[in-house]
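Undergrad: Since the structure of chain Z is provided, determine the placement of chain W on it from the hints.
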Amino acid sequence: MAILFDAFKCTGCRGCQVACKQWNDLEAEITRNTGSYQNPPRLSAKTWLTMRFREIERNGDGLTWAFGRWACMHCAHPACVSACPVKALYKTPEGPVLWDKDRCIGCRYCMIACPFEIPTFEWEKGLFEGARIRKCTFCVDRVGAGLDPACVHTCTTGALRFGDRDELIAQAEARIQSQPERYVQHVYGKEETGGTSLLYISHVPFKELGLPTLGTTPIQERAEDAMFATPWAVIGLVTGLSGVAWLVRRRQEMMRRKGQSSEQGDKETSS
Amino acid sequence: MTNDWVDVKNSDCVLVIGANPAENHPASIAWINTARDEQGAKLIVVDPRFTRTAATSDLYCSLRSGTDIVFLGGLINYTLQNRLYNEEYVKYYTNALTLIHPDFKGPVDLDGLFSGYDHETRSYDTTSWQYQTEEQPVTVVKRATSLDDPNCVFAHLKKHYARYTPEVVERICGTPKDKFLQVAELFCATGVPDKTGTIFYAMGQTQHTVGTQNVRSMAMLQLLLGNIGLPGGGVNALRGESNVQGSTDMALLYHDLPGYLGCPTDKHGNLEAYSAKFATTSYWANGPAFFISLMKAWFGDAATKDNDYAYHYVPKVSGDYSWISLFEALYQGTIKGLVCMGQNPAVSGPNARMERKALGNLDWLVVMDLFETETASFWKAPGIAPADIQTEVFLLPAVDAIEKAGSIVTSGRRMQWRPKVAESPGEAMEDIWTLDRLVKALKDVYAGSTEAKDRPILDLVWDYGDPPDVELVAREINGYALEDVKDASGEVLVNKGEAIPGFSTIAKAADPSTTACGNWLYSGYFAPADDGSGVTMPAVKRRGQKDPGEMGFYPYWGFTWPANRRVLYNRASARPDGTPWAENKKVIWWDEEAGKWTGYDVPDFSATKPPDAEADPAGAGLDAHSGTDPFIMKPDGKGWLFAPSGLNDGPFPEHYEPLESPIQNPLSSVQNNPVITVYDTATDEEIGDRVGSADKFPIICTTYRVCEQWQTGSMSRTLPWLAEVQPDMFVEIGKELAEQKGIENGDEVIVTSARGEIRAVALVTPRWRPMNVNGGKVHQIGMVWHFGWQGLATGDIANDLTPHVGDANTRIPEYKAFLVDVRKA
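Protein sequences appear in the order of chains Z and W. Numbered by our numbering, the letters in the first sequence go through residues 20 to 290 in order. Numbered by our numbering, the letters in the second sequence go through residues 45 to 869 in order.
Treat the hints as calculated values from the structure; they're not laboratory data. Note that this is a predicted model, so its numbers are computed, not measured. Some hints here could point you the wrong way.
Computed footprint of chain W on chain Z, listed as stretches where at least three residues anywhere in the stretch have a Cβ under 8 Å from a Cβ of chain W [to be verified]:
1) 22 to 33
2) 42 to 51
3) 54 to 64
4) 83 to 97
5) 172 to 181
Beta carbons: idealized from backbone N, C-alpha and C, even for Gly.
The shape of chain W in the complex, shown without the other chains:
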């Protein structure tokens, strides 16, 4: 989230699209209600299904699953056509005025594609997507003086979105035009300085083959309306699990290192090559220093200047190790062992039946969980003969979150320390204990080895005590001084042995290797801090309730990364001249007398850089940015309405149909996202990567969660009180479709896709309605993915029907739109 959960109370309009907070983030509704009660805010829900969030909304609007780019594009077009954007914000804070390479062409000219597409490799050459630059004498980006310049981003934006009219929204999304216009009128009215609108999204946006571009669409709309960096605004991802934000920050993803430093790839032969990937004209200029500090935390004395700080110890990414690819490799038998910690792929993976079959190709499988999950018991699943499975399965009982101490990070980036409050049962052990034993055992196995390849294991610093002390791990993640940390002038910033107060220490250090920091973004979270009442404690443990400005920032409660900052990009909360946009939307502002930024939040900007500061194009890091460049992580300091880099599938979002769709793309001849990987393993077998067509499977299906169960159900279907309230696998079907199929409410039905079939209880409801799409009638149904064969409440697995295809950038599976048929059992 760019903002905090509590900050929603400052909003004038909450647009929920692709999320269902009433069911999946229930506590957030309290803050939405505060905004509604105290400032007359409106809640808009856009969703294929009428959810419990829709039930409490002021305006509900349906759309066909997989058409968010059209809907959000419609809102962008409405904003542009009606000049509802915040012009000053757009001119100063976004790249709207930046000139684009003259060879750039978009889908309007190229029938759905951007310039640079190679049909053979299914990828883009992004040369023509680049900014125009000039040498004077260093390279600078060329900017137009007027938004009317035909080569500037804004002109391209208007041209691109001119096709996304309310009529096209109605035709592709199936949303009645008048409903769409009601949403547009309400939400786009937040483009004025004293109003802000926020967008809540979750997996409904991301789990599509165009997921990243869905999210970009929201960010672009918010930039146009001037809603980023302001209280009650932002683009806010509602994370699906209590600490999934923390796991992302700590890089439990194959392509990243802690703090989003990015994994080295096989293209980065040495530290110099890796360091060169960081933009020199943004705060990322400090990336190499953060990396060195990380290496010192991991490898200690073995990381020296002479050996590139042990850069060669870090595995280099040489391919796609995302979820679907991993399971394809399991299926092919190239992966022999798997450790599953708190994860249940037998239920959660796409084309789960195929993925369960792939588990059977493993030599060994270790599952660490609270209960015997479907993954731990895949070898005795219904219909499976245990004798046919050769995989050796180990189940290690784990402890629940309340049975161990540690920090969790909310969607709002707020970190809170939680003490252990209950004893764990039986032989259940904390994850840290198990991992500690595993690492020590590995070190024993390799002890005495002289082989270079074994050095990373032997040199890994592992000194958390026995049993391991989680606070020592926290201290390392926060970062501490290995030597006295000095700045360039020789002044000591932090004494040897002390916790570093924040990542600016690493950035300022003349030698970053005098620090050891496990995640630069978290640095400061475990350093001593005042809780607002004069009591000092690790920042993350604070529970101070002072709230200067009464904006709901509560800066003394826990710690929000980065640097205890509640609103990201908050320089944009002030006008270019440094004064707040509006009295009721104050976050930070320029204090001329004191010569610094001041306010209720930690400035997301150089604290003493005045609004009228000129950019120094030859300067390093933020010196290259002017006093009106709020987006300090971007090389040009601007919010990107046009993305010249970082995306595989285009600098603007463009609508493509989901892999499985009942219609041909009405917008161009390009049916699917042109750069996705379509897997084709065992398509001729009964279990395989088969893709369904509308003639056999005419109904759109989507999957979701309900608040009574959680994820794959391993923690909720095992509890009698939750099994009682939501006892059976069900599929929600509209009345008209049910009538057509002869299905009565409560009947058992069979849902089929190209991947298989499942049984479920039919819940016939007016909350799903047929839509008119591209001149024809389209039905959508939806089902929960909480069920499996283990636990008290059991049922068939929804993901047995979902396809093995992912987003073009993140590879997240397309769980939210695929084709099925349904019949009475």
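The following block holds chain Z by itself, in its conformation from the complex:
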């Protein structure tokens, strides 16, 4: 199964973004307007889908305001799965890339491996408090019950479609071929990094939507080579640093309890 995102039809209303939070019961972040509609500015443990806003100026008076979907691509050969030393992340035969929160040790190697910058970490928690990786689940709890994913369900403009991957590819190709003056003649995700379950068609170059230019070879294969040589020490180091972060946080908490305010924000300490 797959989702087709048509960037031309997207109006950046962000109904999908809010529906994702609502269905998955994700807490709102405290944000600020820093000169863009894009908010939250990036993915986090509390934000599994966010829309990118790009203003593209062309010659003359040409202007395009493009909206890019930023959420897990659910790769056919996921680099994150290959990079996971404890097999917490796994690829399901139906398409979704999921994770087992009990297995995850919070090493964050998947974050480094993912070419789309998708997996996020519960930075505000320490490892011993159960800080784990979070990301889009393809709404498996909805899909398993015969519903479409929350983001697709809420999309009013027809920019998001859910269905069989081959059928969606056929639809996407028919759409771009029938309107060559409108669409870039390429279905992103059909072959990129061996294929993804998120397919994109667009009226602007895909890099403007925040998508990296990738080959057709699965990153997994390269990642697996790397993983083979990865010393466990790296994981130990990451774990150790998280432990330090936890200790710092704990000390801060105790200082707060004593009525002493700490000028250092949580985010700064943990990142």
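TA: For chain W alone, kept in the frame of chain Z given last:
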């Protein structure tokens, strides 16, 4: 809307001007996309700012805010000059051939004014705007035989619009001529029979001192192109709230009664005088019958033939009670109490800071809302000392739409019943419960009174049960038979106690007072109807999905007023001879064999009147119209390219500058709409009706909404997920202006107008660009009006900057064009 939301899929060209459906009516984009995917339709967006609708458009065209009459006038002129109009449609279905009073003169002759202007009273004597008539033996309107007749409407139209050239559009609107011509070429190509174009508009058209004439310009263009009454055509107002159409239909406006009957004024001393205001040669000839039925619904047995059906109980309008005037009266202290239901004037009113000060002059204020709004908390606003406010404020918690049952009416006039699907929290009560208690309490207060002035309260029929049953209210609005309803021949139309099937029952009734109907336009909506599968239920509750003709009319889904009709004026969807203009644009057509109009929609015409029927000038109601007069609500049955009555500011739209403008009107020496009311309260005080000038405030500003927040934000800034996506008050500024002012993207800035100043985050963007207007460079900026001090996401109030001035006809405030300056904080 003349058409339905779904009907947009039948369009060949969608012109969005003064609206932003992608952000404010997101679901409509699906139908626009269907039209684009299935028939290659184009989406054109004309707007001062590059919106998210513009982002998904095929053609975006900028214009200076407040110059729509010039832009649309340019399109009208382009249509006329290039003979792109549908000539047969124009000749038969509009008043193009009608002869105008020989004394009529327009802005071409009178430097921006129409004949009949009185400088002292700032109003028009409309004698010279009237049609020429002759007695033969009854009065009939004189019509020319050719569009070339110099006294006919069409000739006046051509003369009036000859000034609105592409060059003038470029000079006044700031729209590059080639861009304007691209729009003209695309949209005006829909004048052919097998193509239709639709216009979407919203507050971007209406919230101007020339708002009504903006809307008229669109209607005139559509009449010329033959786009009214056809699928995928029409003039379509995108209403700003989910049920604002319903509130308008139910007359939550000071000048109206339910179903647009119009309030009696102090000029209408009795029922006869009031009844005489309805045109006798249109469907409005039934207006008095609908009024009598309304009085029976309201006052029951107390409304009798002998007492003019309690006409004297109805308040008579004796002045201007529109928004701005009300708040001026609050400011003067003449109004002592205010009930605010689901409204937040502390944020939404023009010159809001002044309006908040006016709230402090009240003895008491009742706010019924879901949250403690800025209006409910005005006494503790930032910078206000609560001890200084003497107003007693009551906050009654209300319930959300999903926490109560009832109907809502979409912009497309489609009514849908919604059940209650969630329990309301705490002590929140439904509006109907609160109003029921209020009315019963009032009846108790006046119980036993013998004074005549108290009779309306005592005689008001109020029998909805306890707790009140919303379905009983719905039944009354639909209308029911108080007695057996009989027609003139004595045949029983509806039995006593039954719901009436539609307003034609009231019109046909020998005695309309045998019916009680709360809104004639809605009648039929709560009467039993087939849902297309043989199951009967109140029409408004139906969810039948049959779609005969596959035009997207879905006649078994809900109920569309009037009479479940999806396309208004649909007689015009057929040629004068009764055959469809084109196979792909069929709605209704004349079936010679059956002797009636047939098709996919309910005919907006006498069902059995053949196309070749002659008008009977002495006939009553629609008998006075011929078989080719589609506009049954007009006294002459024609679409009005020229408006001899009904408008305060001229029979044709003419461009005037907004009250605050950076330039002198290049078209005439009349700077502003000559009949607007300019308020001047406390102009010498720090808070007052002050008007800004371009030397101090050189930048044009406009206000708008974005899809992440809603209205004054009281329902959206209180939700963490929406506060997260649009967290701060912001102002959008073009790159060039930002550079000039030393403002970086994300900086905090101060925006000032003659009314005050606010702080906001600067969003520096290429989506706003300077324009060349009348030989000079003009900058425009824009800001959202969603913010206030309550809720999770807070910010300054945009309307603290907007002026206290309204449209010449409707008095809607001019929120969309005013002058400001901006500087880095």
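Undergrad: Does each hint fit the structure? Answer for all of them.
TA: Now for the hints, and whether the structure bears them out:
| no. | hint | in the structure |
| --- | --- | --- |
| 1 | 22 to 33 | holds (count 7) |
| 2 | 42 to 51 | holds (count 6) |
| 3 | 54 to 64 | holds (count 5) |
| 4 | 83 to 97 | holds (count 4) |
| 5 | 172 to 181 | holds (count 3) |
In this structure, every one of the numbered hints holds.
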